[in-house]
Structures are given as C-alpha cells and as structure tokens.
Amino acid sequence: MSKIQQNYPFSIIDATFTELQQAMETGLLTSRKLVETYFKRIEANDRRGSNVQAMLALNPFALEQADELDEERKRQGPRGPLHGIPIVVKDNYNTNDMPTTGGTQVLAGFVPAADCRIVQNLRNAGAIIIGKTNLHELALIGLTNSTLGGQTKNPYDLTKTPGGSSGGTGVAVSANFAAAGTGTDTVNSNRSPASANNVVGIRPTKGLMNLEGILPVSFTQDQAGPIARTVEDTALMLEAMIDLDRDYSYSPGLNPHGLQGKRIGVLRSFFGNSPIHEEVNRITEAALRQMQELGAQMIDLTFVDIVTDQLILELDVQLFELKHELNRYLSDYQAPVRTIEELLEKGSYDPAIELILRTAAAIEDPLNDSEYQNRLRKIDELKTMVLEILDEHQLDAFVYPHQKRLVVDIGEAAQADRNGILAALTGCPAITFPGGFSGASSTAPMGIPVGIEFLGRPYDEAKIIQMAFAFEAAVNHRRIPPFIADSNI
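Sequential numbering of the sequence shown, starting at 1, is according to the numbering used here.
Incorrect hints may have been included.
[Unchecked claim] FRET-style restraints, in silico, Cβ to Cβ:
#1 Gly49 <-> Asn255: 11 to 21 angstroms
#2 Gly49 <-> Asp300: 22 to 32 angstroms
#3 Asp365 <-> Gly49: 46 to 56 angstroms
#4 Ala413 <-> Glu25: 46 to 56 angstroms
Just so you know, these hints were derived from the structure itself, not from any lab.
Nothing here was measured: the structure is a model prediction, and the numbers come from that model.
Even for Gly, the Cβ is constructed at its ideal location relative to N, Cα and C.
Given these sequences and hints, build the entire structure.
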C-alpha cells in the first residue's frame, strides 16, 4: 500500500519518487513544501542535533526553482519522475548557483560559470538541486572529512565514519535531507557510502556518464553515479543523469522475480577471515541464502584469487593521473589556483591528503612513466580475465560484500577492507544495496548497515539493477536512521 493510500497527512520520510509524484499530482504536496521540509530537516540535524555534517551548501534559489516547477506542473504536467524532486549533489560537481569546492579551503567560494553536464541533465529532468554535500577533501580518501565541511558522521552510529568519499550524499539521502543524490567513484567512493548508510548506489559502466565539469582524480578510474533509498529510484536517477542522446532505460519492467534463474558467482576472495570480519560475513552469507531462496543459483568461485589489496597496490593509477587531471580542471574552469603545485603552496587542505598530493606532483611526466604503462597493461589483463570468468561459468554477475568489515571509527586513518577496486579498474557496472545490519550496540541501537554488491558485464546495468530490485522486494533491509530528529510535513 502506498503512502498516498495509507498515510494522512502525507509523510515524506523515505517516500519514493513515485509516491512524491502522486502526492504532488493529488495536491497533498508541492515542490515548494517538499523543499521547505527538507531544509527544516537539514537545519535540525546537520549542524545541530546529531550534527552529522553532511551538507556544505544550500541552494539560495531552490524555493524559487520549486515555485517555477509547481507552476509548470499546473500548466502542462510533469516532465517525468524527477519533476520537482529535491536532490543533492556531491561538491565536486560544477554548479552555477552554488560554490564547487571539493571540500577544500583553497577553492572556498569558487562558483563555476556553468553546471557540469550531469547537473544540466538532472535540471532538465526537473530535479531541484537543493544543496551540495560534504566529501573527503578532493575525493581522495574514504573517510569524508574536509577542511570546509568537517567530519561527516554516520547517522546509524555517530562514532563511525559514513564511508566515502561521497559520504555527505550517503548521509543526506539516508537521513531524508533530500530524495536522492549523486556521488563520484574512483575506487569505492559512490558505493562505500551506500553500504555504510543503508541506501543504494550504482557505479555505471566506464564511458556511460559524461564527466565534463566534475572535479577529477583519474580519467581511467573516475565515474559518477546516483545514490537513492530504493533500487528503483536509483535507476530513475541513473536514467536522468545520462546524456539524452544515449538510449538507456533501467526502470521499466522491474519485477520481484528478477533473481529467478540467475547464475551468481560468489567471489570468496572478497570475504575477510579474521574476527573483525565476522559480522559482515554473517550478514552476507544470510543474503546469499536469501538470493538462493529467490531462485538464484549461487556458484562459489573459490578458485578465483583476485585480492583487492593487491589490485590497489599493483594496478591503481590515481597517483599517475591526478596531476594531469587536476591541473586541467583548475585551468579550464578558471579556479582560484591553476595547478596542483599552487594548491600545495596554499596549504589550506586536509593534512591527510598532503602525501597523496605531493607524491602525485613529484612524478615527472607521469603519463609516460614506465610503471604507469605497466599498470595499464595489467588493467587490460584483469578486464579480460574477469570477462572470461563470467563467460566460462555462464554467470550473470559476481556478488560480494562491498566492505569486508564494518565501516571504520571516526579518527582511523583509512577506510579499510573495501572491495570497490574491481569495478573501478575493469569499468564494469556495480550496484551496492542494503544487505542487513550488524548486532546492536550502545552507540548503534539498530546496528551498523552492511551493503552487498553485484558486479556485471559492461553495459549490463539493467540486469544487475533487476537483480538488486528483486532482492530488495523480498528482503527490504532499509531502516530510518535512529539519530535523525523528525521534521516532517
């Protein structure tokens, strides 16, 4: 039963795009009222109350834009499922009505002349960008701490990090500060916050998204993607983010039987084997059994010896591409500093990223470096191997926990034991979705979220979205965060 049928007055809490559209069509809600309510929730919880510090900026034109979209709805009906829907974007997406800072003091107040392509696409679909979210500074680490935004906190356990680097979006979406949001993903950064905040995140196939106007790290590994509270809304966001000249559709035909007959390879090397991994292993094994009960055939790939830490150590190319990509962005968009060296001279950045910046800056002619070229060859070999395994065993997807252990405590130096590197290197699509919760504790009264991930063949987003939708329909692990004060309509 939908919220429209069962709940008067209408509640925005965890409302889907479909429910929000129904409420606006029937007069229970307007885009203006929706924006106002999300702003109230942000005011009550972001820098007050639980002080989760998910937001970096609010859009001063959001209410005006909402009024325009309300009037347009009256005149000619909605543009589509995102018409009048408030969303947030990570603060490395260029926006022409709010600063784009990457979370660093060095870029404070920098407002690009134009929106990035994805923001243009979202606005054209009728979405209202109500704010920019915190990220780990320059999207370089997975803890979501920045000199402009501070340390974002996990709303399920305020002593824990929210994943990252797109942790601000993960928290904002989970906390109902907006209906959905965007992130970026160089290794784990869009899916890690989805896993840690009990929401859904997609890293699409490399090349599917137009990354023009997004503050970059690595042209080999960078990707943009959506984060939402349901699989269907995440699919609708993905459709809206893609350029209109690309005919991709993921939301029509979603059905609860999408796991029946699917062959899913379990990547056992992506599971931990220490006591710190036991909670995630328990939750993941339960999810695998549930998939089997829903008609999937689970194939244990014990012979596949892909080790994520080894991939990061031997194949990751961020350090070789960062200087080229960052310098290009800073120059092309006329930022306050134009090179990585100028940024380092300013010194106003998170000390945790200094080693990364200095190491990248020190590599002479990095794109012609022999080690870089060797890593690119190894990446090609990895892609070939992954596709051969999928084909040889007639698999529809791989499955594994996104993170081998629970999300780390605030204050730890790194977001340990994540598995996102395989999709980042191969360019294959991956979707992370709620798999369950750890046991409750004094700081986490309902436990800490754990995300499960499907990885599929290139441009096979529709299949893995369908599979995740079927799991969600049968076993809905979504829970409203316990540390977010209500500020509802």
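Quick rundown of the hints versus the structure:
no.: 1; hint: Gly49 <-> Asn255: 11 to 21 angstroms; verdict: violated, 40 angstroms
no.: 2; hint: Gly49 <-> Asp300: 22 to 32 angstroms; verdict: violated, 45 angstroms
no.: 3; hint: Asp365 <-> Gly49: 46 to 56 angstroms; verdict: holds, 50 angstroms
no.: 4; hint: Ala413 <-> Glu25: 46 to 56 angstroms; verdict: holds, 50 angstroms
Hint check: violations occur at hints 1, 2; the rest are consistent with the structure.
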